[in-house]
Amino acid sequence: MAQRGELILETRKLTKHFGPTVALNAVDFKIYRGQITGLIGENGSGKSTITSIAAGMQPPTSGEMFFKGQPHHPSSMIEGIECGIGMIVQEQGTVPGISVAENIFLGEEKKFGKVLISRRKMQEEARKVLENIGLTNVDPAAPIESLNMQDRKLVEIAKTVYMKPEMLVVDETTTALSQSGREIIYDIMKKMRDDDKAVVFISHDLEELMEICDTLTVLRDGNFIATLDKEDFDEDLIKKYMVGREMTGDYYRSDYGTPISDEVVLKVDDVTTGEGMLMNFSMELHKGEILGIGGLSHCGMHELGKACFGETPVLRGTVTHVASGEKITTALNAMKHGLGYVSKDRDKEALVLTESIADNIVSAGYDKLKKGIFLMPSDTKKYVDKQVKDLSIKCASVKQDVQYLSGGNKQKVVFGKWIGRECDILILDCPTRGVDIGVKAAMYALINEMRLAGKSIIMISEEMAELIGMCDRLLILKDGQQSGEFFRSEDLNENDIIEVMI
Amino acid sequence: MKKLIALVLAAVMVFALAGAVMAEEIPADYTQVKVFDGTYGFGDAEITAATNDDQSAFYITFECFDEDQILEGTIDDGIVTVDYDLTGFVAGDAQLIWDDAVASEEPWTPIGGEAPAEEAVAEDAAPAEDVVIDYAFDRSWPEEELKVAMAVYDTTDEQFLAMREYNDYLEQNFNIKFMYSESIASAEDEIAFVDSAAAAGCKAYFGYYNIAETETVKEAQAHGMFYAGGVGGVGYDQRPELADYDNYVGSYTLKSDLEVEGDHNGDYLGGYALGYAMAQKGYQHIAYCEGGASFGVQMFVDRKDGFIDGLTAAGYDNFSDADLVSGWPGTDEFAAQQTAVIAGDYDAVVSSFNVAMWFQPVMESGKQIGLAAIGEANETYKDFFDMGVVQTVVYDCEETVFGVYLPMAINAAMGYDDMTKQDGHPLVIPVTRWTITEAEQMDAIYEYHAAGNFFVSAEDFAKTLKGLNPAATSDTYEEVFNLTLDEALAKIQ
Amino acid sequence: MSEAAVKTKKPSKVNARLIGDMAPYIGLVLVVVVFYILTGGALLNGTNIQAMANNVITTAMCTIGAVFVFAAGYFDMAVGGALCFSAVLGAMATISSGSLFVGAIVILAVSLGLGCIKATLASFVNVPFFIFTIILGSIFSAIVLVIMGKETTVLLKNAVKPIPELDFTQMSIISVICLAVFFILCLIAFRYTPIGPKAKNMGGNVFAAKQSGISKTKTTFTVFIIGAIGIAIAAFLLMLRTRTVGATTAGSVGNDVMVALVLGGMPLSGGPRSKISAGLIGSITITVLNSGLVILGLNTGEVQIIRGIVFIVVVLVSSLSYRGKLLPR
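Chains as they are written, first to last, in the numbering used here: chain A, 1 to 502; chain B, 1 to 493; chain C, 1 to 329.
Some hints here could point you the wrong way.
[To be verified] Here are some chain B residues pointing at chain C (derived, C-beta under 8 Å):
no., residue
1, 186
2, 223
3, 448
[Stated by the list, open to error] Below are the DSSO-like pairs computed for lysine-lysine, each with C-alpha atoms no more than 27 Å apart in a straight line:
no., chain 1, residue 1, chain 2, residue 2
4, A, 348, A, 240
5, A, 371, C, 210
6, A, 370, C, 216
7, A, 389, A, 370
8, A, 386, A, 399
9, C, 218, A, 368
10, A, 394, A, 368
11, C, 157, A, 348
12, A, 267, A, 336
13, A, 370, C, 210
14, A, 267, C, 210
15, A, 399, A, 389
Simulated from the structure, these hints should not be mistaken for lab results. Just so you know, these numbers come straight off a predicted model, no measurement behind them. We put the CB at the ideal spot given by N, CA and C, even for glycine.
Taking the hints into account, I'd like the entire structure generated from these sequences.
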């Protein structure tokens, strides 16, 4: 039973913008000692943002924060730690190349000797730190890479706990851990609560949250929605708070009941990918269809997109371009058969940031543009100008480096790359990620136009609303396998989907 | 200076006397004579050898076994045929004696007191011509600045830096300017330097280093520059094709201040001098660093051959292949051999290249091991000479050995054709590399240089420049530059 | 970033970019003017211009070809080694056959072969390429020494049949023609065919290039072959001019290529900022600089200092036009 202690962290009208994107919208939020506070929301709801601002990872755009009653503006995570806020994240937080002990005491080596660092003393301390959270099987002298992902994460946790934070934030950490790992974290959280410290627990796993947390706050689209105490926990209610949103008219498609053609254009047969979780997966893409692929992160949907484009090694099974009968094994032959791919990782995989808009747009179109061996500037100019105009890419000039564009315009450039080629099959992975509402709407319109023109589209997304609004058919993946299939209908709602997703 | 003149006059008198004396005994057919010492099967003797104008006949007299000996006969292509043997048992030595006569550095003195032959004048003496140059040594000559290009292999090399000091000295006295290349690493760098030198207005090119062989000469000629220097390390005497290039002036050829039989190149003579000197000093077990000889690099093969012959000539018979240290310092192999030598019973080490890497090991071992090398007259060698560690150094004095290129090039650039050819072909001027065997000698040379003096002073140098000394001929080069060690040391006195 | 933010950044960024882009040209003009004055005009007299034409050819041919290689993100330090290797084998072939034509064929074949070796290593082995090139450079030199045996130099005059000799002026003319033709062809390839854009794309982001359907293998082989052609022509002209080839030939070319690229305003990490003009401008700048320094007759230390200063200034100003590192990833 939660005995709520005093208020430790308070935010007032905390706001955070990322360019045009509103990540937090005037959020008032309170965290108390002696409680495990859960934070839940969809992707982009702002739950990570709010805690990362508190921990000093980034500054807010506006609003106030108070920690232990004092105004709180940490300029860095180090300051955050010094104030007493410790944070454990999902990504890898240990430094490779050094030992466990050295990782734990990174930045504090002076404690073990002014000139010569006593490794022995460091390792002894490290052992104590690890035992503190129950990690007895880890050797402090071992190189960090010799540990598996879970143990590495636990070392990180041990380090953070050792700092004796007043408030511990656990951000989506449990997803990567096994049950035993999770138990360790739960124990830590409970111990801290019992010590009258505060814990903020962010997770996608509603069951877990409901079990561990004393109170649960729901955010949605950067807005604070509700806080529930343990006795009021109700799964359906929470889910409703998470997803309930107005769907404005023609933001997505407005048609219903459009029949899906029988003609199969792309066939995925029993595919297991080398990377990620996709296993023995099969599906078919029909002509003129928008096929949605959804699920939680790490469910294998991104690997599916890559596999369809020949961008990731396929250990078993085949991806076949049905019209020609040929297997898709590389990006090159995928493109030859009229496939296009918009990667989720825009900056790293889809664009050359130091290159101009024009060169990026042309980069996928050499074979279409060249005359003999020559590539005439006049031809490329026409090609580029058309895309810039059609997509309304806002830029000072097409010679401008792509890195200076906003997220939305960058995404338009990526689209331009593939639309210019007039691909028949387009694989879109999180196409509207990091894109503001205005651009999103334009993209949905574009995708719809392509569909009407007979193109076939695979749309992979972590945003359910988008999938529901745009797709003819929706496949949900869970742990690398298909867990559900839905068809476009006005009645289809996110609750149905979440059931099979989580 | 006066002493020199006195010495010269004395020498002339002696020769005249010798000529007169000889003239009584020698038949009229013979027109020139020389006197020299030699050692043969019958022992040591002072040989008087006479020959005719074209050296096709000989008349040799000497004394041995307390008897007068006379040999007479003909010479055909260097091979002697004895027609007359007074005592009947020395004919077998006739060839050797004649070869020595030819090789001897004594000049052929005309019988009958004619003007000296055109060949080089006596080398004992310093410049025989008592010439007084009317020039203030104030950089007023030549009127127009004369630029001389100099190709360099390594601009940090000691020998080059010493050469540069001499050049700077000359620049202070004459209106000439040197243009140096950067360290030339390849043929194209060298050709590029020739082009740059021409563009900068150089009229003469000094091939202190040459890698592109005759291409460099050709390139220089294309630019109208005169080339003085070796090509691939040798001059016209070994590269007759150099005569095809009108702009090729000539080079030096190295001689030793020791008397050596036969006609050998500078490398051989250097090695010979080392071997001979160290054997003479009484060393019993000498190790030899043969450098590139084991790889077949000709320069080192010659040095090694010379070394072994030098040992033999001095009566040393203890040399075998086991005494060879091969390869270069910096390798484990060399270090191992070095350790073995020092640990063994060697009392001397001769190196065909630098010997500095032996200094420390020898000092540390505490053993008395004498070192010898072809080296420099610099502070390091001087110090180690004084300490008795270094015993012999074969030294190419920069100004006397390399310096001879400069007047050649300058005369050519100024258009004095008669100073640029000898008997119609490019010059080959013999110069002597010194075998320094005493610490006092090394000290003297080092101190002399350290005080800013040069063995070919500006005044001496001027004697070889036709523009300043109208009486200069192509023989003057040798007179001025070809100094033996003794002659050089005499200058210091 | 919002559109408004983009617009306000434009003026200063574009100006910096403009200065950065013009820096190599400004550098060249400055070097020419300064040394013309300091050498009293000797720098630009007829003889020296021809001399510089003869000198620039080696570096320029290699550098222009290297633009492709470096643009694709490959840091090739074995250019000099490849040139020496080709030249030595070509010279030996010329001597034994008495024919320049045979020599030329051998040079081309060897150079292309070496280019393919580099391309294979770059495409298929998962080790940063520049590590290979360092090793390759040493290997090439070592093999040359072994092949040459006791001889330190290969002299064309030892050929079984006389090899035609070209004089200074003839050589200059041939050099200029070869340079002009090669440069124009490379310019066309770099700007008017997909080769240049593909290489730059790959150099900018190899993952994005792959996803855009640019074949890493094909592009890699293409750039190394172009580079090899430049090296082959340079080797042939070198052999023709100096008629002396040895283990030390082209010793400094590797360094000169990199300095030329940088002086020409191209980042050594390649990518979209690569420009074909860098090959030409940079080589000319270096040649003029070297020529001027030799004519001035400074000592070694002073020469190095001046070179260093020129280098730093041009690099600093050029880097205004691009963010990012100069060195390989």
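Point to revise | Non-conforming hints, listed in increasing numerical order | key: 3, 4 and 11
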